[in-house]
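Trainee: The lines below spell out each chain.
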Amino acid sequence: MNSPAVNAPAPSTTTTGDPHWYKDAVIYQLHIKAFFDSNGDGLGDFKGLTSKLDYVKDLGVNTLWLLPFYPSPLRDDGYDVADYHNVHPQYGTRADFRNFVREAHRRDLRVITELVVNHTSDAHPWFQAARRAPPGSSKRDFYVWSDSDDRYQGTRIIFTDTEKSNWTWDPVAKAYFWHRFFSHQPDLNFDNPKVLKAVVRSMRFWLDMGVDGFRLDAIPYLVEREGTNNENLPETHAVIREIRALLDAKHSGKVLLAEANQWPEDVREYFGNGDECHMAYHFPLMPRIYMAIAQEERYPIVEIMQQTPAIPEACQWAIFLRNHDELTLEMVTHKERDYMYRMYAADKRARINLGIRRRLAPLMENDVDRIKLMNSLLLSMPGSPIVYYGDEIGMGDNIFLGDRDGVRTPMQWSPDRNAGFSKADPQSLYLPAIQDPVYGYQAVNVEAQSRDPGSLLNWMRRMLAVRNTTRAFGRGTLEFLRAGNRKVLAYLRAFEGEAILCVANLGRSAQPVELDLKQFRGRIPVEMVGRTAFPPVGELPYLLTLPAHGFYWFRLALGSEVDVPRWHEEVLAREDLPVMVLFDGWTSFFRDRVVPWRIALAEKTRLQLETEVLPGHFQPQRWYAGKDATVTRAAIAAHAIWTDAKSKHSWMLGLYDVHGAPGTAPERYFVPLALAWEHGDEERMKALGPAAVAKVRQQANVGVLADALADEPFCRRLLAAVRDGVDLPAAGGRFEFRPTQALAGLLDKVDIDTLPVARAPAQGTNTAVTLGSRLFLKAYRRVQIGANPEPEIGRFLTEVAKFPNCVPLAGTLEFVPAHGAPSALALLQAYVPNQGDGWTHLVGRLERFLTDCLRGEAPPEGGHGASAELVRTLGRRTAELHAALALRSGDPAFDPEPVTDADRAAWRKRVHDEAIESFAMLERHRSQLAGPAHEEARVLLARSSDVLARIAAAGAGGGAALRTRIHGDYHLGQVLLARNDFLIIDFEGEPGRTLAQRRAKQCPLRDVAGMLRSFSYGRGSALQQAVQRPEDAARLEPLAADWEREMRAAFLEAYAEAVAPAPVYTAFADARGLLELFELEKALYELRYELRNRPGWVRIPLTGVLALTHHANDGD
Amino acid sequence: MENVSVLLEPVRVFLAHLGDFLPRLALAALVVVGGWLLARLARVAVDKLLRAINFNVLTERSGMDAFLARGGLRIDTTAVVALLGYWLVVLAALVIALNGLGLTTITELLGQVVLFVPKLAVAIVIVAFGAYFARVVSGTVVTYCRTVGMQDAEMLGRIAQYAILVFVALIALDQVEVGGEIVRQSFLILFAGLVFALALAFGLGGREHAADLLDRWLPRKPDGGGDAGPKA
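One line per chain: the protein sequences are A and B, in this order.
Going by the numbering used here, the final residue of the first sequence carries number 1116, and the count climbs one at a time with no gaps.
Going by the numbering used here, the final residue of the second sequence carries number 10232, and the count climbs one at a time with no gaps.
Chain A on its own, in the form it takes in the complex (with noise of 0.2 Å):
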């Protein structure tokens, strides 16, 4: 069965009807006036914010917040709110607001607003009719007034550039007021319950607009109280329960956001017992972020995240990097500012305040990796995170501007005229582009960071996908890894059962890391934005290695879910090894080769091996088949201990009967053993030591057992063996080295004892090591009894029929028992360098063009012209093999017979069974099946009739003229490629089936339609591979199955041409039918064996099924 290293189905995150949706947010800040201006008057509008929801829905972001848009002076960038109940005239209308939020809404974009309660513009009517109302008057007390400005002296001024106090005289109301920002915006006072009222009505008013949330604004200064500092006071906390409460009862699933810029454990108060607000930005966070960075160091995030007390389950922190306003310092300590400073305002200029006015990327020097990581750590770290409108493309600032208006420029989409965000003068615009060099929009824009796959805007887009795949970043919990280098910062977020690993290197080099891992021993990281399994976590610390300022996101994936990457090996030596005493080598097994006196011993030794060690050890392999079931013994079935006279090496070649679950059958497997000692052999001790089975002592001498697979003179006495062709006699049988024609010509001029010997990928159910680039050596492990069909097809095709497109067969080594049929143990093949197999190469070419069309990168010319060459080349090699196994050469087992009608009427009947009990079983699973797979099991069942109908009428047109030996597991993985030419290997045929059924002859047709469907495996597997997020499943589909027909067409097309010269069809085009009968076949197969294993894969053969009852030949 094919499958791609990572099998997991994306999952996805949706807020849609959640309550708690504001846990899986990710909010994008913006200003209506900087985001796009349609009607070109200078000034951005809700029209323009209308017709770019696209932009922003693409960016993968799930919430909106918007700054101000009410009336308002402008005096403070629309903080200053002079009408509570309307747009400004401006930005657009209130039919504008309210086609804005429904468009929102369709694209399931939430918005947030601003509630600007704490204070209001002196322009508010409310403010004019204060200050002109007689004092202790209802209409006065809107307002906070004193007669003199010395109350409150405890009391900080906030913005201490431009303000001296707190208190400003009103020449009208002959009185001062209080104001904690600017002296223009005087506090409301909440102790008047009538502002309250009036306060919860304009909520209201925006809640029914469709409104998803208010961000409070200054919510720490609500009430005011003698002899306190005025900030986080009992009374502010009794008003924000009161507008959770009036929330609450009319309008659930409405969010209130607290700006409080406190330190956390204040902060925490504004959550309440879950009765005050939803969320609250941890503004301590974000200066420490930025501090690790420039001190290398991840003390200070590591610091404060441990400060950060616990919140009430429905509560949740909203993060950021930077906002609208200045990178506020006011949550650190004085030292700490200074170096904030110099390290990232060295410029004066970018001062104001207790903080610094400048972006993102300005403040990392425009340096991409710093700006990744940064945003790496913001999307990773627990809260929902906030982007600020343009850090997603990395716009700059314009210091030269006042106030914070450096950091509200308009956003850059294109190159055009005013950075394409309005067409009005430059000089109308309300404040002018970035236009220098570096960040100026002529090459910082939307417009061609779309077009570019590598940019910052779609690096974004890819890590907000990648974030939306899991709630763990959202909702799980933190736990930071104390890794020894502290250049490192790594953490764990696990949610219900999934665990996320981070890890970013804070230092401007790379560095390396060893995390403990031992909790999640077994599981496999999986990195998330590429899907690439990483090798499982085991004993030792993981190491890891990251670029200079590189960060990883794993998902620690359960070993069912993902498979390891196939080409790692496990090379550590197991720990807990068993120790064995043997007192005479070898022979301590076996208690009729010991003295008399040691009989006991020997029956006791024997009987650790068999219960003890070798159960250990064969548990936990890869070729080891009785998964579930525990080893209880592995019985010595046979053995032969081999000497070698030169070396004084010995080993045991034994076949063990393995006990498994009880009531089966014990399966044979081929185990050779090496021992080798310390004293006298340490160096090969030691390199046996990753292939251990047990540590044995004999008197004073210690040692290992191990595989003798692993051991080097093992492997190179082996070749010389067959080479030699030996005979090794053994009890219950012999071995049978015996080598092929092509061995002398392999090993001509090559020193056996010199020869290299590697150990190679594992696959599978066998093990095989390399002997320099001459040899490859694959033990079988599994013994099954009778001619094996990889051997005997392989001395057929090298010897006989002379295929130049198989790997040559070089020598075999068979076990022959007493009484019985031999059984192959393992085969020696000539190495052929390669590429990898078929599979790897075009998946994974196919999986790269899908990726960069999502990209938006335009599908290159000619589409998948090169993979169609090389699917031509494999449907030409495809023709000859099976050419080659129609030769008739006089021998048995491989002379072609003719196909009779009642072969065609048994294929017939053999698919019409296995379709019944497919469908049987899709009924069965149906409820389980999520998606359009159950959709697609629907309508499949309901065409089940027709499906056996059209099996019934299959093969009716002939085409096929015999019946030859076939490949029998033809698909992807078993062609390698090697000079843009394939080569076929292994011959084993279906490990499921039985020798005898694997040795059948059969129709070649099988082999074709095992490679068709491969192509659909590979369509589908690259299709799972590219889909981050589920819009854009519909957008590449039809782009893979184009890939699917195309390869298909390739391959048929070469294949019928190349095969009409021999005998195998009577014509190629008439055995349509029948190739389409094998092809339902395999997929009913397939559809089968997803059902029961993999039901996330369900999809693939279904398609394959119902495109297949679609059209009699289609595609082709």
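Derived lysine to any residue pairs resembling SDA-like cross-links, with alpha carbons at most 20 Å apart:
1. A:Lys648 - B:Val10142
2. A:Lys686 - A:Pro756
3. A:Lys778 - A:Gln621
4. A:Lys648 - B:Thr10143
5. B:Lys10048 - A:Phe590
Keep in mind the hints are simulated off the structure, nothing from the lab.
Mind docking chain B on chain A? Use the hints.
Mentor: Leaving out everything else, chain B in the frame of chain A:
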């Protein structure tokens, strides 16, 4: 007629003797045949028994089998012992049969042979164990000497092995009562000679060393004679 009867009398007596002897002969033959069958059984039984307790491994490891093979014997020691069992039973049957026939002299002679066979078997067992022991000791001596860095480890090992083998051979000979006194005497002479030779070798070779040692242990008193002060 009487003459005839006189003439026939010896014949009658002969026939009477014959009539008396023939059943005994038949019985003897039966005993021999039965014994032969039993012997074959005994041979197999002994062989199986010895192999079941890995006696064959012992003789193989002790080098006896190889020794026998060098001597041209095609069977191993275990088979030899089994063969002895076979002959023991065969001979015992012959003794009984011949005794039944009243051939006492031959019976006595055979009886001595019968008594010798078990002794031989026991002697073989002694040699087998002794030779194995000698090999083990030799191996141990060699390993030990090598670890402590002594030269000639191999030679010392061989000396130990042969010394033990000589003892074992003597015990075996004693067991089968071959040679008797003369073997014992010659061994004593040999052994005494060896010890004497060693003593001489050490004594002569280490004379000075011994003198030094003696000096150290028993320092000579200063010679008070000669130059001592004038006698009063």
